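Note that the protein sequences, when read in sequence, are chains A and B. Residue 0 is where the first sequence starts when you use numbering that gives the first Met the number 0, and the numbers rise one by one after that. Residue 0 is where the second sequence starts when you use numbering that gives the first Met the number 0, and the numbers rise one by one after that.
Source of the hints: derived by calculation from the structure; they are not laboratory data. Predicted, not measured: the structure shown is a model, and the values here were computed from it. Among the hints, a few may not be true.
[To be verified] Derived DSS-like pairs: lysine-lysine, alpha-carbon spacing no greater than 27 Å straight-line:
{"no.": "1", "chain 1": "B", "residue 1": "K461", "chain 2": "A", "residue 2": "K41"}
{"no.": "2", "chain 1": "A", "residue 1": "K45", "chain 2": "B", "residue 2": "K281"}
{"no.": "3", "chain 1": "B", "residue 1": "K275", "chain 2": "B", "residue 2": "K311"}
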Amino acid sequence: MKNIILILLVSFLGFGAQAQEKKNKNAKYVTEVNGNCEQCQKRIQKAAYSVAGVKSAIWDIETHQLSLILNEEKTSSLDVKKAIAKVGHDTDEVKATKEDYDNLHSCCLYERK
Amino acid sequence: MQKIITLFALIFLSIPVFSQENLEEVKVVKKRKGIQKSFTVTGNTSLITSKELLKAACCNLAESFETNPSIDVNFSDALTGTKQIKMLGLTSPYLMITEENVPSVRGASQAYGLSFTPGTWVESIQITKGAGSVVNGYESISGQINTELLKPLNDIPFFLNAYGSTDSRFELNTHFNKKINEDWATSLFVHGNTRVSKMDRNQDGFLDNPLGKQINLINRWQYACAENGWVSFITFKYMNDEKQTGELNFDPKTDKGKTNYWGSEINTERMDVSTKVGYVFKDMPYQSIGFQNAFNSHDQQSYFGLNQYNIKQSSYYSNLIFNSIINNTMNKFAAGLNFTYDKYQEFVNVNDYSRIDNSVGAFFEYTYDNADDFSVILGGRVDNHNRLGTFLTPRLHVRYNPWENGVLRFSAGRGKRSANIFAENQPLFASSRIFDILDTNGKIYGLNPEIAWNYGLSFLQKFSLFGKSADIGFDFYRTDFQNQAVVDVMQSPQQVVFYNLNGKSVANSLQLEFNYEIFNHFNFRSAYKFYDVRTDYLSGNYQKPLQAKHRFFGNLEYETHIGEKGKQWKFDYTFNWIGQQQLPNTASNPINDRLPEFSQSYSLMNAQITRTFSSTFEMYIGGENIGNYTQEKAILGSENPFGSTFDASIVYAPVFGQMYYAGLRFKIK
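Isolated chain B, as found in the complex:
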């Protein structure tokens, strides 16, 4: 605790130094919304701008969705402290997560990948519900999240962000940017974060949050020349992340691989190199060609108690795309080729699951837009994959504006993927569960590929209420699995069983949304979400464990007028109500280690105040889980971590309780 206070003091003492450098500059910035929804785009896409990302602690991409109703942020296990996200009631493996349209969180990085992109690097995030575009691949099932990073050519020369919180996490982000000439610019971002002290508020003998440190670097080069039509990006990234968790007394040096104390370490090293080249044809601004290449190596070395898990993935991704028109710009098309290569070196205890996956594919996407009230995107692709076979992926998106300020959308599409059952379910290693795979004939750990169809319908209407703008929307999505790699924790508390779906598995989601500007600069956002995610398990049909059927979301935002030199106050408050959740079956455990069939409903509140002192300097303080709701029993069988009832993977509510944070942002423009 003392360490924390010292660090806090250091951060705040450094503030006066910065504020003296404030530049006297006033810039008139048009007020724009944090979440933008279009009435003319064909897909059900909302755009989260960097403004929205400043409304919450947002240390990394996983935490960027707290103020957005389309995505549910869940709590991961008590051990790794990594937040998982869900969309339409399905976890991130069923989402296509891309960074500047190159698939980023996939395979080995599925469990922690989102926490490897610092929040300050992000320029904007596009969230598309339902079937995605065929251009990015065949894997997306319930939606797509694309992150755009800050671009060197329009970035500011220097940015600094420091952050500290009462859960003893500290972050420092520094951005440097340089324009070399009219056409070239480069930037270097350095991110570091650490959690320094052991905390056990619930006194179960286990850390509530993992100790950790991460260093994360990115260097990008951007070239853009309007005269000759060429654009290019070259990006280098390096990341090293270390986490340690488990019992308070656990010391990796003496206790690793032994049963003195239970502990876990997860060390990840990642390197990325990617290039992008684009050319816009002279005299034909509607015709272009683009070529993307990405290489990455992701190496995770970890153990969870006596469970060893190591995975190294080396990947190469390549995408060639040609965009043009048929007759006129009302009829556009994109056509291209994809190539993917993944080499996995995966070891689960003594079992070697190493393999090589590769695929080639061709896609064609046609867009008709009558430049008025109707547009349709019809896409298809053919892929050949060494494990998934040769298959077609059709996708359809339709948009119609029946009247002014109203938009009706429909989408349908098929997705297919191979489930990385170990990488995606890593939290389960932190339990005494035995991993059993019942099928042996499939090509992916003995299992067959997952195939699902997704259909969606949405409507959004903007109107004026008492002279202020409001909008109301609803959407309904259904995901129908033809096959699924079922993760069954309903069978026994000592076992997790994987098998091919035998029966039905569907995810229905309904969202009602109402947003209103109550008075100038005071906005209200609300959403009710209903999820019916059911799967036929061996022991019967159940709601998906750890998924609430009902959720309510509310957000209030108030800003003062921007005063002299850009002075401003911003207030933000988010409320989440999470209904009952089905819990994994623990009925056969001794009575002390049993959980009820359903968790209780609860609510969470977050708030943040931002004070902008000038256009170059601001500070913020905030709190998460202000109501201090915590899960009663964070770890089952914590008294005997090497016993048969130990389970740290059942997390349906925050483990840590209330957390307060403060930070500052300083810019040189």
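Chain A with its partners taken away, still in its complex shape:
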């Protein structure tokens, strides 16, 4: 039984090692996304998940930080920011259009920088 675990572990650890030689399949990013409330949280995370290659997206209501894990072979953080801007939320690199911003629910109309 122990051998099986060892083999399993080795093979899984092996995957991780291979991935790092090429593009990172589990690249971590933390970036600020402007927003207010729980509704914003759902919208931001949903937009991030809509991008193929995004594995995990968690937006913190208090700190406004979006923690991403994504597969760099398939996408980039810029693509994610574009998708988020499209639903009305500003990021450091990509800003939402006025139209998209105005479409937000009244409680989600965060202060634009």
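Assemble the complex: chain A is given as a structure, and chain B must be docked to it using the hints.
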């Protein structure tokens, strides 16, 4: 009685000594609820926190559910004093009871197992109604109860709890905990309880509660390192429990195996060793692998009058689980393997029912959660068991939030198990009943495996009423048995008959719940429960004996503001109304030993007051069954315990009457 008073006095005299050591420390603790219900979890799960467990006497796990409407605490027979629990109208064999996700109360420990976990060891309890997760096995039918014990890494260095009650039960719990370094911690918990004096309030010549003593030890080691992603637990347990009951004059030395006086002894020794290893992948917090191993030996030596019953179970359980995602964290899965081995050495009088059971299984569970208003868990497993054969176990859970603060849930699943007919029905040994098994072709005592489907629908809505929070909920569950090992006490008062279900057996349960915060720190909880549990017996279709069709539950809780140094008062009151219950058939007995077809309805009240003197010291007093309701005839045929009408297993109400208790808790933080 004098002994009790002396012990009480001792406990209370020791209080001033402790209170002098009070540390001057104020900690701001956010008020949290005792029972937490989630609107985002997929299963119909409520979480009982340790705060809730402090609201009642709660000496052990069996008694931890008194303030919770989802679980009905019943009274076991007059002899063993062990409380049985029911969920959705079904007794604990149909529940999956796990400790930190390893099956704990099963097989030989079914009747008394819950009383082998002291209440102070418990950190929290999760109660899931309906079909459980496939990860934990195929056995669960009506629900799952998982207990999390205190974790060494976040425990306090020292805890002491002393308890004494007017039914002459005394308990002492001491916890020691030590952090060895950043990543390692260990704890040692020592529990002892005893019931010292013989009591016979109803004057039937029999003890109302068994004499007993239990010593229970646990030593755990926890390792957790955030940097390298490894976590581990190593746990050692030892328990020895002795009970003696029967007639007041019974002396085991001279009367065991004879007909001078009727008596019974149940001695249990149990050892557990378990390990858990988990690894969370670097850079992939959503991916992990876990490996659990548990070995235990459970040895019960007992006799009930002239009935001998010995069972020793040696078990090994192993579970390997891999968790990860498909594309993103909205799509998660768990996959893994199980292995179970059980060696039973079981003797009922002269009959040898020893056997070995083993099974291997593989499971896969997929979870979709749209991170908003919808989630679904679809699980399946394949098992190969030497007695149950090869079979599939599908389970489904769905959650939908149609609007804010509302949640709708649906679950369905199949369960299969082998009924340990003797271990699960031990109270029946305390009667003159003859055990008859009508079937001979099955692989488990001649019987076939039990198979049931469970379906459930529930709705919960939170809202605001006069500016205070309230919630209202309903749930409906149905359990449909395809086969059941029927335990028939409707045939004859001198017999218990076991056979494969021939016809229908269903358990329907409906629960309506309303909870309201009447004003700050004053909470009201209420529930109405309807059970329709019917089985086709040889003599016709009856409600399951000793199961009330209607039950009402109410709980009031009030706390004062936390004052200087954590000073606080807490008040708690629980009300239970239990409707008529079908009683076993006693129509053919002589008129004095007959019971009516149904028991009368009655109500029970419990209350507790807790005084917190500081964040490190508190005392509590309380009462159970304050209305002093007792069963009229606790033991049938008690005048002639070796006669044909003797039966101590028919218990539908408390035997003992009112009971008061007091205790203290002291902590070093």
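Going down the list of hints, with the structure as the test:
1. B:K461 x A:K41: holds, 20 Å
2. A:K45 x B:K281: holds, 25 Å
3. B:K275 x B:K311: Holds, because 25 Å separates the two Cα atoms, which is no more than 27 Å.
The structure shown violates none of the earlier numbered hints.
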